[in-house]
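Protein chains: 2
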Amino acid sequence: MEKIKNIIAKNDSLVCVGLDTDITKIPPHLKDKEFAQFEFNKDIIDATADLVCAYKPNTAFYEAQGEQGIKELKMTCDYLKEKYPDVLLILDAKRADIGNTNNGYVKFAFDYLQSDMITLHPYLGQEALAPFLDRADKGSVILCRTSNIGAGEFQDLRINNKSLFEVVAEKVVKLWNINNNCLLVVGATYPEEMEFIRSKTDSMFFLE
Amino acid sequence: MEKIKNIIAKNDSLVCVGLDTDITKIPPHLKDKEFAQFEFNKDIIDATADLVCAYKPNTAFYEAQGEQGIKELKMTCDYLKEKYPDVLLILDAKRADIGNTNNGYVKFAFDYLQSDMITLHPYLGQEALAPFLDRADKGSVILCRTSNIGAGEFQDLRINNKSLFEVVAEKVVKLWNINNNCLLVVGATYPEEMEFIRSKTDSMFFLE
Numbered sequence: 001m002e003k004i005k006n007i008i009a010k011n012d013s014l015v016c017v018g019l020d021t022d023i024t025k026i027p028p029h030l031k032d033k034e035f036a037q038f039e040f041n042k043d044i045i046d047a048t049a050d051l052v053c054a055y056k057p058n059t060a061f062y063e064a065q066g067e068q069g070i071k072e073l074k075m076t077c078d079y080l081k082e083k084y085p086d087v088l089l090i091l092d093a094k095r096a097d098i099g100n101t102n103n104g105y106v107k108f109a110f111d112y113l114q115s116d117m118i119t120l121h122p123y124l125g126q127e128a129l130a131p132f133l134d135r136a137d138k139g140s141v142i143l144c145r146t147s148n149i150g151a152g153e154f155q156d157l158r159i160n161n162k163s164l165f166e167v168v169a170e171k172v173v174k175l176w177n178i179n180n181n182c183l184l185v186v187g188a189t190y191p192e193e194m195e196f197i198r199s200k201t202d203s204m205f206f207l208e
Numbered sequence: 001m002e003k004i005k006n007i008i009a010k011n012d013s014l015v016c017v018g019l020d021t022d023i024t025k026i027p028p029h030l031k032d033k034e035f036a037q038f039e040f041n042k043d044i045i046d047a048t049a050d051l052v053c054a055y056k057p058n059t060a061f062y063e064a065q066g067e068q069g070i071k072e073l074k075m076t077c078d079y080l081k082e083k084y085p086d087v088l089l090i091l092d093a094k095r096a097d098i099g100n101t102n103n104g105y106v107k108f109a110f111d112y113l114q115s116d117m118i119t120l121h122p123y124l125g126q127e128a129l130a131p132f133l134d135r136a137d138k139g140s141v142i143l144c145r146t147s148n149i150g151a152g153e154f155q156d157l158r159i160n161n162k163s164l165f166e167v168v169a170e171k172v173v174k175l176w177n178i179n180n181n182c183l184l185v186v187g188a189t190y191p192e193e194m195e196f197i198r199s200k201t202d203s204m205f206f207l208e
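Residue numbers (the numbering used here), protein chains in the order written: chain A, 1 to 208; chain B, 1 to 208.
Careful, some of the hints might be misleading.
Each pair may be met inside one copy or between any two copies, as identical chains are not told apart.
[Said to hold, decoys possible] In silico lysine-lysine, DSS-like type, Cα no more than 25 Å apart, as pairs:
#	residue 1	residue 2
1	56	42
2	171	200
3	107	25
4	71	33
5	83	171
6	107	31
7	33	107
By construction, these hints were calculated from the structure, which means they are not laboratory data.
The following block holds chain A by itself, in its conformation from the complex (with noise of 0.2 Å):
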C-alpha cells in the first residue's frame, strides 16, 4: 500500500498500462526480433514510465507463446524491476486454485516474476486464496464486478437484497482484508455499479 501511495504521489498518476502483447499485432520493425514481445513491451514501458502508476502483463498473451512467452514475460518484469523499481507491476493472471496448489502460482508470480500483486477469481473462497491472501507483502486483488458485457450472468444474481458482486466486495473489506493488501477489480464500463461498490469499501483501490 506504500509503495501503490508513493508512485501515485511521484508521477502524479493513476494511470495503469496494460501490456497485452499480442504476437500478431506487433509493429513490423520488431516482429522479427529474437524477443519480439519484450522488445515490444521495453519501448512501450521507457516511452510512459514516468506517466504511469502500474503495468499490468496479462498472462494470456505470454502463455500463448508456450515456454518462450514466458521467457519473455519474465524479461519485462526482471527489465521493469531492474530499470523502474518504483512502478507496480500487477500481474493480470485471474488465478484461483485450491489450498497448497496455488504455492505454485504465489511461487510464479511474487518470486519468478516478482510481481507486485496479482488478479484472483473469488469463486473457491478466502480460504483457498489464503496462499495469496497471506502474502502481506503483495496484493491479491480481487475479481468483483467485471468489465465484459455478459459480467452479470452470475455477479448481478441476488442474494437476499444484495448482489452477489456486492457480497464479494464486502467480504473481501470485512474479512478477507486483514493483512490491509486486498483490492478489487471494478470494470469502468459499469460506472453504476462503480459508484455502489466504491459506497460499500472506504478507500480501497480498484483495478479497473
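Given the coordinates of chain A, assemble chain B onto it according to the supplied hints.
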C-alpha cells in the same frame, strides 16, 4: 465425448490421475535429472496408462518453475499425446479471462499443449468464456462445487431457492453446452452436493 467414452470402455476405468508434480517431492533417483518433473511424470504415465481414462496436470506446479516448468509440462503433454493418444489430457489450469484474452489460454491449452479439456472458473459468465466453449472439439470443465473446505463461502449462497453452485450447474447444462463439450467440477468430498448436482445434470460428466 466420443474420446471419453472410448477410453472408458477400452481401459474399463474412470480414474483420472493428477500430475501435480511438486519439484520438492520428486524421489531422489530423479530429482537431479535435467528434466525431473517430466521424468517423474513419464514414469507415472508408463506405469498407469492402461488403468486410467485421463491424466490431469495442474499448471501451478509447472509455472512455479517458470520457463523450465512450462517446457517440462509441454514435454509431458507431448509424450502422452505421442505414446498414449487415446488417453484424455485434462489441463487443470482454472483459467477464465474476458473475451478475446481467452484466445491466449485457448492457444496455450489446446494448440501448444494439445490438451483435450481445460478447467475454467464460471464467475465471468458464458459470454466471456466463448473462446473455450466455441471449441466444439475440446472440453470445457466448469468449476461448480469444488472440493475445498471453504468452497461454500460463495458456492452455497442462496439465490431464491437455489445455491449458487446449482445455478452454475443449470446454466452450464441448459445454456452453455450448445456444442456438447461441457463438463463440471464437483468435488467428491461433498457427496450430498454431488448427488444433488447429478439429479440436475442428466448424464453430464463430472471431474471429481
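Here is what the structure says about each hint:
1. 56 / 42: within (13 Å within a copy, 36 Å between copies)
2. 171 / 200: This pair counts as within: shortest intra-copy Cα distance 11 Å, inter-copy 29 Å.
3. 107 / 25: between (30 Å within a copy, 16 Å between copies)
4. 71 / 33: both (14 Å within a copy, 21 Å between copies)
5. 83 / 171: neither (37 Å within a copy, 48 Å between copies)
6. 107 / 31: between (30 Å within a copy, 19 Å between copies)
7. 33 / 107: Between copies only: 21 Å across, 29 Å inside.
The structure fails to meet hint 5 from the earlier list, while all remaining hints are met.
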